[in-house]
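Working from the sequences, and respecting the hints, build out all of it.
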Amino acid sequence: MPSVEPDLREAAAAAANDPVVPARARPARTRARPRAREAAPAGGEPVAGGPLDETDRRLLRILQADGRITNLKLAAAVGLSSASTHERVKRLLRDGTILGFSARLNPLLLQAGLLVFAEVRLAEMSNAVNAAFKAAVQLRPEILECHEVAGGFDYLLKTRVAHMGAYRDLVAAVAWSLPGVRDVRTYAVMEELKHTTALPVPGA
Amino acid sequence: MNKPQPEPSTVSNLSNDKGIDKIDARILRVLQRDGRISNLKLAEEVHLSPTAVLERVKRLTRENFILGYEARLNPNKLGASMMVFIEVLLDRTAPDIMDTFKAAVQTRPEILECHLVAGGFDYLIKTRVADMAAYREMIASVIWSLPGVRETRTYTVMEEVKTTNALPI
Numbered sequence: 001m002p003s004v005e006p007d008l009r010e011a012a013a014a015a016a017n018d019p020v021v022p023a024r025a026r027p028a029r030t031r032a033r034p035r036a037r038e039a040a041p042a043g044g045e046p047v048a049g050g051p052l053d054e055t056d057r058r059l060l061r062i063l064q065a066d067g068r069i070t071n072l073k074l075a076a077a078v079g080l081s082s083a084s085t086h087e088r089v090k091r092l093l094r095d096g097t098i099l100g101f102s103a104r105l106n107p108l109l110l111q112a113g114l115l116v117f118a119e120v121r122l123a124e125m126s127n128a129v130n131a132a133f134k135a136a137v138q139l140r141p142e143i144l145e146c147h148e149v150a151g152g153f154d155y156l157l158k159t160r161v162a163h164m165g166a167y168r169d170l171v172a173a174v175a176w177s178l179p180g181v182r183d184v185r186t187y188a189v190m191e192e193l194k195h196t197t198a199l200p201v202p203g204a
Numbered sequence: 205m206n207k208p209q210p211e212p213s214t215v216s217n218l219s220n221d222k223g224i225d226k227i228d229a230r231i232l233r234v235l236q237r238d239g240r241i242s243n244l245k246l247a248e249e250v251h252l253s254p255t256a257v258l259e260r261v262k263r264l265t266r267e268n269f270i271l272g273y274e275a276r277l278n279p280n281k282l283g284a285s286m287m288v289f290i291e292v293l294l295d296r297t298a299p300d301i302m303d304t305f306k307a308a309v310q311t312r313p314e315i316l317e318c319h320l321v322a323g324g325f326d327y328l329i330k331t332r333v334a335d336m337a338a339y340r341e342m343i344a345s346v347i348w349s350l351p352g353v354r355e356t357r358t359y360t361v362m363e364e365v366k367t368t369n370a371l372p373i
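If you read the protein sequences in the order shown, they are chains A and B. For the first sequence, the numbering used here puts the final residue at 204, and the numbers step up evenly by one. For the second sequence, the numbering used here puts the final residue at 373, and the numbers step up evenly by one.
Be aware that one or more of the hints could be misleading.
Below are the EDC-like pairs computed for lysine to aspartate or glutamate, each with C-alpha atoms no more than 16 Å apart in a straight line [said to hold, decoys possible]:
no.: 1; chain 1: B; residue 1: 306; chain 2: A; residue 2: 191
no.: 2; chain 1: B; residue 1: 306; chain 2: B; residue 2: 317
no.: 3; chain 1: A; residue 1: 134; chain 2: A; residue 2: 124
no.: 4; chain 1: A; residue 1: 194; chain 2: B; residue 2: 317
no.: 5; chain 1: B; residue 1: 306; chain 2: A; residue 2: 192
no.: 6; chain 1: A; residue 1: 194; chain 2: B; residue 2: 314
no.: 7; chain 1: B; residue 1: 245; chain 2: B; residue 2: 267
no.: 8; chain 1: B; residue 1: 366; chain 2: A; residue 2: 192
no.: 9; chain 1: A; residue 1: 73; chain 2: A; residue 2: 95
no.: 10; chain 1: B; residue 1: 226; chain 2: B; residue 2: 249
no.: 11; chain 1: A; residue 1: 194; chain 2: B; residue 2: 303
no.: 12; chain 1: A; residue 1: 134; chain 2: B; residue 2: 363
Bear in mind the hints are in silico, worked out from the structure with no lab data behind them.
Here it is, written out as structure tokens:
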């Protein structure tokens with residue numbers, strides 16, 4: 001876990017900065033695109049850190065669905081040699097497009113069948129209160145996500161617990177014990193209509 | 205959830221009440237962190253023979269503890285760096301409206317999650333988009349076009365303090 005957190009924090013920090021920049025004005029993309037076209041003739045290998053080509057996107061879509069697919073099968077699926085498929089996956093890992101691989105586990109069998117969201121409001125938006133809250137959130141594995149949002153409250157938490165009693169203990173430990181938390185609104189999930197971790201990978 | 209829980213007194217090597225022992229739990233933790241670890245390395249990490257580890261992973265998969273494996277991708281590299289949550293309130297919670305809603309959210313890959321919640325609103329939706337314009341287009345074509353939607357509230361994420369898919373084990 002700790003090994004992936006820095007990546008995610010970097011990604012999160014970048015995500016927080018990104019929205020203000022329109023997609024076509026992003027320096028990385030405008031700079032890299034022409035270079036990649038020169039360097040990559042038809043069927044060639046794109047430049048690391050450059051824009052993704054259609055083969056990259058197909059690789060990413062397949063790997064999101066089956067992270068343990070063999071290189072041989074992956075190569076057959078995208079119509080490349082296994083050597084160049086392997087090269088591409090390595091490049092996508094190196095340039096940070098692929099952050100890692102994970103097993104998807106079943107929350108219902110692992111005492112995490114209850115999904116609960118919580119909206120947290122702080123009494124004051126001071127740096128000290130924020131830092132204390134963020135530190136408390138990192139300590140608890142039941143808290144899968146915590147986002148600082150713009151809107152009617154300060155933080156949105158996504159938690160997975162065994163039952164309401166476990167959720168109560170979690171809130172008591174993370175929120176009620178901190179001086180700066182004004183209130184916590186709890187929203188228990190009755191039905192997960194859709195739940196995927198797969199990102200939309202653009203292209204046909 | 206309604207799985208029979210083993211008695212702690214009768215099953216001595218169970219680490220917890222999850223129906224798995226300590227070694228299973230360690231295997232699951234490692235696989236959540238590194239889904240492409242080789243069987244040999246996994247065996248080293250949990251101090252078992254490769255054959256025994258392979259057997260356990262097979263069993264954990266067969267018994268549905270492991271649902272699959274996936275690559276974790278970087279949203280910033282894929283034009284999905286903006287995370288937005290939407291709270292949706294319906295006029296009334298009628299089965300036909302709920303079915304329409306359920307079908308509509310499946311159609312868009314930008315909608316990662318949609319949950320029916322108990323509380324002050326009906327649905328909580330998690331989306332990842334490139335920018336506000338993309339978000340506006342998505343909510344207009346998927347949500348506002350549906351019958352029975354009374355109100356939507358948009359919450360833009362300024363900072364992802366923590367994001368993981370790994371379950372606590």
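Against the structure, the hints come out as follows:
no.	hint	verdict
1	B/306 to A/191	holds, 11 Å
2	B/306 to B/317	holds, 11 Å
3	A/134 to A/124	holds, 14 Å
4	A/194 to B/317	holds, 5 Å
5	B/306 to A/192	holds, 10 Å
6	A/194 to B/314	holds, 11 Å
7	B/245 to B/267	violated, 23 Å
8	B/366 to A/192	violated, 21 Å
9	A/73 to A/95	violated, 23 Å
10	B/226 to B/249	holds, 13 Å
11	A/194 to B/303	holds, 13 Å
12	A/134 to B/363	holds, 11 Å
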